[in-house]
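Chains A and B, in that order, give the protein sequences.
Take the first sequence: its letter number 124 is residue 124 in the UniProt record's numbering, and every next letter is one higher.
Take the second sequence: its letter number 32 is residue 32 in the UniProt record's numbering, and every next letter is one higher.
Note that these hints are calculated values from the structure, not bench results.
Fair warning: there could be bad hints in the mix.
A few chain B residues facing chain A, derived, Cβ under 8 Å [what the hints assert, rightly or not]:
{"id": "1", "residue": "Glu26"}
{"id": "2", "residue": "Phe27"}
{"id": "3", "residue": "Ala31"}
{"id": "4", "residue": "Trp83"}
If you anchor each label on the Cβ, the simulated ranges turn out as follows [said to hold, decoys possible]:
{"id": "5", "chain 1": "A", "residue 1": "Ser348", "chain 2": "B", "residue 2": "Gly40", "range": "47 to 55 Å"}
{"id": "6", "chain 1": "A", "residue 1": "Val328", "chain 2": "B", "residue 2": "Ala37", "range": "48 to 56 Å"}
{"id": "7", "chain 1": "B", "residue 1": "Leu67", "chain 2": "A", "residue 2": "Val220", "range": "53 to 61 Å"}
{"id": "8", "chain 1": "A", "residue 1": "Arg93", "chain 2": "B", "residue 2": "Val65", "range": "33 to 41 Å"}
{"id": "9", "chain 1": "B", "residue 1": "Leu67", "chain 2": "A", "residue 2": "Lys130", "range": "23 to 31 Å"}
Every residue gets a Cβ at the ideal spot worked out from N, C-alpha and C, and that includes glycine.
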Amino acid sequence: MTATLPETAHEQTDKYARLIQPTRVHGSLYTDPEIFAEELEHIWYRTWVYVGHVSEVPEPGDYVRKNIGPQDVVMTRDRDGEVHLLLNRCAHRGNLVCDAPSGNSNSFRCPYHGWTYRNNGDLLGYPYNKGYGGKGKLALGLGRIPRVASHQGFVFGSFAPDGPTLAEHLGAAAGELDRLARLSPEGEVELTAGWLKHRTRANWKLLAENETDGYHPQFVHGSIFSVTGSPIGALYSDNSTAVTRDLGGGHSENDLRPEFRRFAEPMRWFGTTEDRVPDYVARMRELHGPAAEEILIEGSPHVMIFPNLFIAEIQLFVIQPLSVGECVQHSTAVQFKGAPELNRRMVSQCVGSVGPAGMLLADDTEMYERNQRGVALRDPEWVDIRRGVERERADENGFRIGTATDETGMRGFWSHYRNLMEAEK
Amino acid sequence: MTETETDTGIETESGTKSLTGTVGSEFAEVAVSIDTAANGPRLRLEDRRTGRVRYLDALELETLVWLPDGDLRRLLDPSAHRWHDDAGS
Numbered sequence: 001m002t003a004t005l006p007e008t009a010h011e012q013t014d015k016y017a018r019l020i021q022p023t024r025v026h027g028s029l030y031t032d033p034e035i036f037a038e039e040l041e042h043i044w045y046r047t048w049v050y051v052g053h054v055s056e057v058p059e060p061g062d063y064v065r066k067n068i069g070p071q072d073v074v075m076t077r078d079r080d081g082e083v084h085l086l087l088n089r090c091a092h093r094g095n096l097v098c099d100a101p102s103g104n105s106n107s108f109r110c111p112y113h114g115w116t117y118r119n120n121g122d123l124l125g126y127p128y129n130k131g132y133g134g135k136g137k138l139a140l141g142l143g144r145i146p147r148v149a150s151h152q153g154f155v156f157g158s159f160a161p162d163g164p165t166l167a168e169h170l171g172a173a174a175g176e177l178d179r180l181a182r183l184s185p186e187g188e189v190e191l192t193a194g195w196l197k198h199r200t201r202a203n204w205k206l207l208a209e210n211e212t213d214g215y216h217p218q219f220v221h222g223s224i225f226s227v228t229g230s231p232i233g234a235l236y237s238d239n240s241t242a243v244t245r246d247l248g249g250g251h252s253e254n255d256l257r258p259e260f261r262r263f264a265e266p267m268r269w270f271g272t273t274e275d276r277v278p279d280y281v282a283r284m285r286e287l288h289g290p291a292a293e294e295i296l297i298e299g300s301p302h303v304m305i306f307p308n309l310f311i312a313e314i315q316l317f318v319i320q321p322l323s324v325g326e327c328v329q330h331s332t333a334v335q336f337k338g339a340p341e342l343n344r345r346m347v348s349q350c351v352g353s354v355g356p357a358g359m360l361l362a363d364d365t366e367m368y369e370r371n372q373r374g375v376a377l378r379d380p381e382w383v384d385i386r387r388g389v390e391r392e393r394a395d396e397n398g399f400r401i402g403t404a405t406d407e408t409g410m411r412g413f414w415s416h417y418r419n420l421m422e423a424e425k
Numbered sequence: 001m002t003e004t005e006t007d008t009g010i011e012t013e014s015g016t017k018s019l020t021g022t023v024g025s026e027f028a029e030v031a032v033s034i035d036t037a038a039n040g041p042r043l044r045l046e047d048r049r050t051g052r053v054r055y056l057d058a059l060e061l062e063t064l065v066w067l068p069d070g071d072l073r074r075l076l077d078p079s080a081h082r083w084h085d086d087a088g089s
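Isolated chain A, as found in the complex (with noise of 0.2 Å):
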């Protein structure tokens, strides 16, 4: 007996140690699709991932196709009201059982052999059950994310039957969600306006980095901020008071509120004026008193949410690994239920950032598949995360923090990713 890990745990925790290091990541963490399966199972089915929001199923029967990674899901809510998250495979051949991407239907019939399924996922039935020695007798239905569990209407879901819950694997970044909930004159967000998919060819790690990297805006984002004239691009830049925070979990987020409560202009967030939005503003104001004009300046969130959900300020985005060089990036305004004035404003400004000819995530989409042609180089081998880590320090809270443009973010990621790889099964 020996008292030592096995040897091949020594061999995991040796090469995650080896490939991530304070200030620097091997590029063969974004190429090799050996640890891209390994992230399957130490990441994507183990812990908390977003997968959908209740407002996508607003009434009993309701039901959406989601994902875990590759993982078909389908998000359901019951009779009963509770939503539910099952993988679409029929329990007899492995068929996929629901092919719409949304629908209404309190049960689902296989197309295969007709086996038919509760929208919870209990076998209602299957044709012809002499075969089966009469009715009842198989201890079968859909599979089910054992673990779902949502925060302010965002359902994630765990594959694992144990663990964090989610308020621990969100920790401070449930605070990013209240904070959008609370822009709603009814408290609740809504994920209503569609979803556009842009398959993308590169690893799902440099979007998640890329998301809260306020030193590419400048350079990558230049061409719109010219066109529309937005004083975005001054967010990112060596004279912002802009933060980016490294919330812990592999969470992080662009803390511009600095910059905005420096203006105190309702609404600049939006890039708007309160005189645009008059219904939305008077709104705010009679629900919340003087405690609105923080509301109105500090406005949405620019969060990362380990390892899949992404808010940027008016548009959410949910990354899917399908492989270890290729990802779906899901995109939706942001809505605000009670706000129909701003949603209006919120989908428009959607279609020009990340629609079919939009020119935000087009620019993003750019970049990631070149880096990722270029990650697959064979020298320099390591992706360089040292951007202000001289001066990174602990906010009030304690959580660290650099400037708008260093690279907080990522080190935050990728401590969290390091802990998550090396953590035995």
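Got chain A; can you put chain B on it based on the hints?
Chain B in isolation, oriented as in the chain A frame:
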């Protein structure tokens, strides 16, 4: 994709114009209309995939409204009535 199409003035088989529509999903598609050819109105349901038709009167519909979920689930078992070993279909 779930669809609910509503048209008015569609000719039913009994020659009576009636409010009609289709309740469809990826799993089933049923044409729905209120038939007024009889002495009283009744709901006409047509399985669009097979053409099979059933009429439901007001009392039968009320019974469905009050049918416990468990009873409905038992009816949804494919081998309960439609696809059982003694059936001809």
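Hints versus structure:
1. Against a cut-off of 8 Å between C-beta atoms, the interface hint on Glu26 of chain B holds, since the closest Cβ of chain A lies about 4 Å away.
2. Because the closest C-beta pair between Phe27 of chain B and chain A is about 5 Å apart, less than 8 Å, the hint holds.
3. Taken as an interface hint, Ala31 of chain B does not check out: its beta carbon lies about 17 Å from the nearest beta carbon of chain A, beyond 8 Å.
4. Taken as an interface hint, Trp83 of chain B checks out: its beta carbon lies about 3 Å from the nearest beta carbon of chain A, inside 8 Å.
5. Here the CB-CB span from Ser348 of chain A to Gly40 of chain B is close to 52 Å, well matched to the stated 47 to 55 Å.
6. Separation of Val328 of chain A from Ala37 of chain B is about 52 Å and conforms to the stated range, judged on CB atoms against 48 to 56 Å.
7. Separation of Leu67 of chain B from Val220 of chain A is about 59 Å and conforms to the stated range, judged on CB atoms against 53 to 61 Å.
8. In this structure the supplied range 33 to 41 Å holds for Arg93 of chain A paired with Val65 of chain B, their Cβ-Cβ distance being about 37 Å.
9. Take Leu67 of chain B and Lys130 of chain A: their Cβ atoms lie about 27 Å apart, and the range 23 to 31 Å holds.
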